[in-house]
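Undergrad: Position chain B relative to chain D; hints supplied.
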Amino acid sequence: MISIFKKEIAYFFSSLTGYIVLIVFLLLTGSFIWIFSSTSVFNYNYASLGQLFAIGPIAFMFLIPAITMQSFADENQRGTLEFLITKPIGDWNIVLGKYLATSCLIILSLLPTLVYYFSLYALGSPPGNIDSGAVLGSYIGLFLLGNIFASIGLFISSFNANQIVAFIITAFACFSMFWVFDFISTLPLAYGKADNLIKSLGIEYHYDNISKGRVDSRDIIYFLSIIALFIYLTVISLGRRKW
Amino acid sequence: MSIIVKNISKNYNGQLALDNISFEANEGQILGLLGPNGAGKTTTMKILSCFIPSSSGEAHVYGLSTQSKEFEIKKILGYLPEHNPLYGNMYIREYLSFVSDIHKISDKKNRIDELIELTGLSYESNKKIQDLSKGYRQRVGIAQAIIHDPKVLILDEPISGLDPNQIIEIRELIQRLKYNKTIIFSSHILQEVESICDSVVILDGGKIVANEKMSNLSNSLLNHQKTVIEFTKSVSPELLMSSINNIQLEKISDTKYSISSSSSEDIRERLFDFAVQNNNKILELKSQHTSLENVFKTLTKISGND
Numbered sequence: 001m002i003s004i005f006k007k008e009i010a011y012f013f014s015s016l017t018g019y020i021v022l023i024v025f026l027l028l029t030g031s032f033i034w035i036f037s038s039t040s041v042f043n044y045n046y047a048s049l050g051q052l053f054a055i056g057p058i059a060f061m062f063l064i065p066a067i068t069m070q071s072f073a074d075e076n077q078r079g080t081l082e083f084l085i086t087k088p089i090g091d092w093n094i095v096l097g098k099y100l101a102t103s104c105l106i107i108l109s110l111l112p113t114l115v116y117y118f119s120l121y122a123l124g125s126p127p128g129n130i131d132s133g134a135v136l137g138s139y140i141g142l143f144l145l146g147n148i149f150a151s152i153g154l155f156i157s158s159f160n161a162n163q164i165v166a167f168i169i170t171a172f173a174c175f176s177m178f179w180v181f182d183f184i185s186t187l188p189l190a191y192g193k194a195d196n197l198i199k200s201l202g203i204e205y206h207y208d209n210i211s212k213g214r215v216d217s218r219d220i221i222y223f224l225s226i227i228a229l230f231i232y233l234t235v236i237s238l239g240r241r242k243w
Numbered sequence: 001m002s003i004i005v006k007n008i009s010k011n012y013n014g015q016l017a018l019d020n021i022s023f024e025a026n027e028g029q030i031l032g033l034l035g036p037n038g039a040g041k042t043t044t045m046k047i048l049s050c051f052i053p054s055s056s057g058e059a060h061v062y063g064l065s066t067q068s069k070e071f072e073i074k075k076i077l078g079y080l081p082e083h084n085p086l087y088g089n090m091y092i093r094e095y096l097s098f099v100s101d102i103h104k105i106s107d108k109k110n111r112i113d114e115l116i117e118l119t120g121l122s123y124e125s126n127k128k129i130q131d132l133s134k135g136y137r138q139r140v141g142i143a144q145a146i147i148h149d150p151k152v153l154i155l156d157e158p159i160s161g162l163d164p165n166q167i168i169e170i171r172e173l174i175q176r177l178k179y180n181k182t183i184i185f186s187s188h189i190l191q192e193v194e195s196i197c198d199s200v201v202i203l204d205g206g207k208i209v210a211n212e213k214m215s216n217l218s219n220s221l222l223n224h225q226k227t228v229i230e231f232t233k234s235v236s237p238e239l240l241m242s243s244i245n246n247i248q249l250e251k252i253s254d255t256k257y258s259i260s261s262s263s264s265e266d267i268r269e270r271l272f273d274f275a276v277q278n279n280n281k282i283l284e285l286k287s288q289h290t291s292l293e294n295v296f297k298t299l300t301k302i303s304g305n306d
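Protein sequence lines, in the order shown, are assigned to chains D and B.
For what it's worth, our numbering labels the leading residue of the first sequence as 1, then goes sequentially.
For what it's worth, our numbering labels the leading residue of the second sequence as 1, then goes sequentially.
Pulled out of the complex, with its shape left as it was, chain D reads as follows (with noise of 0.2 Å):
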């Protein structure tokens, strides 16, 4: 797992693809907190960082997807993926090796955005006047949204041997997993029956209840289970071969 691991962080900063998605991050959710008028907090006259955890599952729902992509349809087309599992590692270490090297990588897309927190602290007047559990409480949800987004894409990409293909899929997934069940239970068929239910499929339910700083354990084991369920998904679709 650990050498599976090693060799696609390796991978993402040999081919680029590691740089393009920090560099493309930084440069999105910075301008969208700091230079587009419309958008940055000098207007807003909060010390806040709601922008950058507005616009963050926007930026992972099309930068995620563009890491995953290539994750297993890349190794299918060269071959490699018979490589892999000809060598004594298992389904489940290949597909952990490659979730947690992109686990790492969206750590390291946000790490930098710490700069933005202690930037909005030093301004706000007095100085720390920000709601720092809330920050927090964004971070871990930021965090665990783009981990559902990236088992949602190593699985679309166990099945697909064209790249673009497991892109488009797995960015319409992700926008549903996000959106789409919001949406449903504003419409008459659910509202008022199971609005509440349908609501709390999708994402952003729990995405929203964490952002506000409030970390419930009823958030983080649904966060913990749909990036569970797909990690098992992807396993068992590797194994799609043995049918």
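Since the hints were made in silico from the structure, they are not lab data.
Bear in mind the structure is a predicted one, so any value in this text is a computation, not a measurement.
Treat each hint with caution, since some may be false.
Derived, one-sided and incomplete: chain B residues facing chain D with beta-carbon distance under 7 Å [said to hold, decoys possible]: (1) S49; (2) F51; (3) I52; (4) P53; (5) G57; (6) F71; (7) K74; (8) K75; (9) Y79; (10) P81; (11) H83; (12) N89; (13) F98; (14) D101; (15) I102.
List of simulated lysine-lysine pairs, DSSO-like, C-alpha gap at most 30 Å [unchecked claim]: (16) K6(D) / K75(B); (17) K104(B) / K6(D); (18) K6(D) / K128(B); (19) K242(D) / K104(B); (20) K128(B) / K242(D); (21) K233(B) / K251(B); (22) K181(B) / K6(B).
Quick reminder that beta carbons are idealized off the backbone N, C-alpha and C, glycines included.
TA: Only chain B this time, still in chain D's reference frame:
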């Protein structure tokens, strides 16, 4: 017996790729899997290397079943898949180091140096894999397969697409590895199998059409001797047939014939006498060795007629 394959069949979505095949291989031996494209060579190797399971039947590698002891087999098996898949973006040493991590090799650095030396990669060892020529990439593929000193080495078409010099080098490398290993080697190039292997399994359409020691194989089919003869003056086939017994003629031109004889006797002497008696002269007389190619053609044709 280090490898035992017993009544293995493989079905790919209703298409029968392997039909009840059985064979065995010994340590210190190179077994050649020979057959046209689509004969089932790769499928056999994928089953032995535990990439896919067989639909029925069983295979054992050093007493370990491919169905229940996958992980243990993978530890003692080196496999070079068809088309030699590699990570092009990695450097040779980086790649070999990755593979040694997988195999948990303790003295990684020395082992990699040793392999680079053994496979003749020294001059290229600082390059990225994608910048290597096909022959060198093949060496990296072989290095990867033998890094943990496996007991069983499975090479799927290791020499396809190489130039003649590279073929010789890879062939020598494989010969050198043979000691205390069981090597299974597939090819559709007959000369290769002929020059490297100790025994051969010939597959066609998922069935075994021959499974013999290399020496036996040629012998058993060598009783068909073929002689090409060219005279100065034209000779009628009837005359030739009546003068020499037990032959089949194939007319190339009025003066040139290809003669197959079903007896083991060399008919060249009698052909010479025939020419003298008929006041004719011989321009060309040559006996053709029954190559594996002919054996192969005969065998795969037989099974095709089934």
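Undergrad: Look at each hint and say if it fits the structure.
TA: Hints and how they fare:
no., hint, in the structure
1, S49, "holds (5 Å)"
2, F51, "holds (5 Å)"
3, I52, "holds (5 Å)"
4, P53, "holds (5 Å)"
5, G57, "violated (15 Å)"
6, F71, "holds (6 Å)"
7, K74, "holds (4 Å)"
8, K75, "holds (5 Å)"
9, Y79, "holds (5 Å)"
10, P81, "holds (5 Å)"
11, H83, "holds (6 Å)"
12, N89, "holds (5 Å)"
13, F98, "holds (5 Å)"
14, D101, "holds (4 Å)"
15, I102, "holds (5 Å)"
16, K6(D) / K75(B), "holds (21 Å)"
17, K104(B) / K6(D), "holds (14 Å)"
18, K6(D) / K128(B), "holds (18 Å)"
19, K242(D) / K104(B), "holds (26 Å)"
20, K128(B) / K242(D), "violated (34 Å)"
21, K233(B) / K251(B), "holds (14 Å)"
22, K181(B) / K6(B), "holds (21 Å)"
Comparing the model with each numbered hint stated earlier shows that hints 5 and 20 do not hold.
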